[in-house]
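Kindly produce the complete structure, drawing on both the sequences and the hints.
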Amino acid sequence: GENVEQHPSTLSVQEGDSAVIKCTYSDSASNYFPWYKQELGKGPQLIIDIRSNVGEKKDQRIAVTLNKTAKHFSLHITETQPEDSAVYFCAVYNFNKFYFGSGTKLNVKP
Amino acid sequence: NAGVTQTPKFQVLKTGQSMTLQCAQDMNHEYMSWYRQDPGMGLRLIHYSVGAGITDQGEVPNGYNVSRSTTEDFPLRLLSAAPSQTSVYFCASSYERGGSSYNEQFFGPGTRLTVL
Numbered sequence: 001g002e003n004v005e006q007h008p009s010t011l012s013v014q015e016g017d018s019a020v021i022k023c024t025y026s027d028s029a030s031n032y033f034p035w036y037k038q039e040l041g042k043g044p045q046l047i048i049d050i051r052s053n054v055g056e057k058k059d060q061r062i063a064v065t066l067n068k069t070a071k072h073f074s075l076h077i078t079e080t081q082p083e084d085s086a087v088y089f090c091a092v093y094n095f096n097k098f099y100f101g102s103g104t105k106l107n108v109k110p
Numbered sequence: 111n112a113g114v115t116q117t118p119k120f121q122v123l124k125t126g127q128s129m130t131l132q133c134a135q136d137m138n139h140e141y142m143s144w145y146r147q148d149p150g151m152g153l154r155l156i157h158y159s160v161g162a163g164i165t166d167q168g169e170v171p172n173g174y175n176v177s178r179s180t181t182e183d184f185p186l187r188l189l190s191a192a193p194s195q196t197s198v199y200f201c202a203s204s205y206e207r208g209g210s211s212y213n214e215q216f217f218g219p220g221t222r223l224t225v226l
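Chains A and B are the protein sequences, given in the same order.
Take the first sequence: its position 6, counted from the start at 1, is 6 in our numbering, and no numbers get skipped.
One gets our numbering by counting positions in the second sequence from 1 and adding 110 to each.
No lab work stands behind these hints, which were simulated from the structure alone.
Being a predicted model, the structure only gives us computed values, none of them experimental.
Hints are all accurate, no fakes.
The list that follows gives simulated cross-link-like pairs (lysine-lysine, DSSO-like), each with its CA atoms no further than 30 angstroms apart:
#1 A:Lys105 <-> B:Lys119
#2 A:Lys37 <-> B:Lys119
#3 A:Lys68 <-> A:Lys97
#4 A:Lys22 <-> A:Lys37
#5 B:Lys124 <-> A:Lys42
#6 B:Lys119 <-> A:Lys42
Just so you have them, the derived chain A footprint on chain B, three or more residues with Cβ under 8 angstroms:
#7 140-153
#8 157-170
Just so you know, even glycine gets a beta-carbon here, dropped at the ideal spot from N, CA and C.
In structure tokens:
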């Protein structure tokens, strides 16, 4: 099966700074890479995703980059706000299955 | 739309008991899945279904059964509960985007299960 590694496990930034979370995967056949935000006591919610034929995608303050050769992808959050504080998960889709990273707890200090 | 609903929200079982976690979606999604979430381990796929009558195993299927008799419902059954099954369980559903095999998942609110 696929192996997804996510770093860092915790990240603390000052409000207005940028945050970057990185994931690596092992199977070159994986072709869809979503990122989820999970707030306390709730289910994960999709915030951005990228397909294997695209290198970068941006949605307002959030961007994702994908390097298929190196098998890694990253989430970039600019101008962070306190409401960005949550746990973020990367995931990889491979033959009908989703594999998740272990999560990054982001704390944005006002 | 209610989206993905799960019941119950909380459950306490004794070792050896069986129970069914319910999951339903009203978005006419073909793909449904069950995950468990344990501290520091992210979400791990238990079972999934690509349509009514079709189910398959994920990463951690042992001790769990599923069935998919309708598009809307995808119950997860614990056969004989063990303390190692203490976890938060999430159900999710997906549609195909643009006719490709890619899926955007929508998650339910979760069921917190404790096995004593």
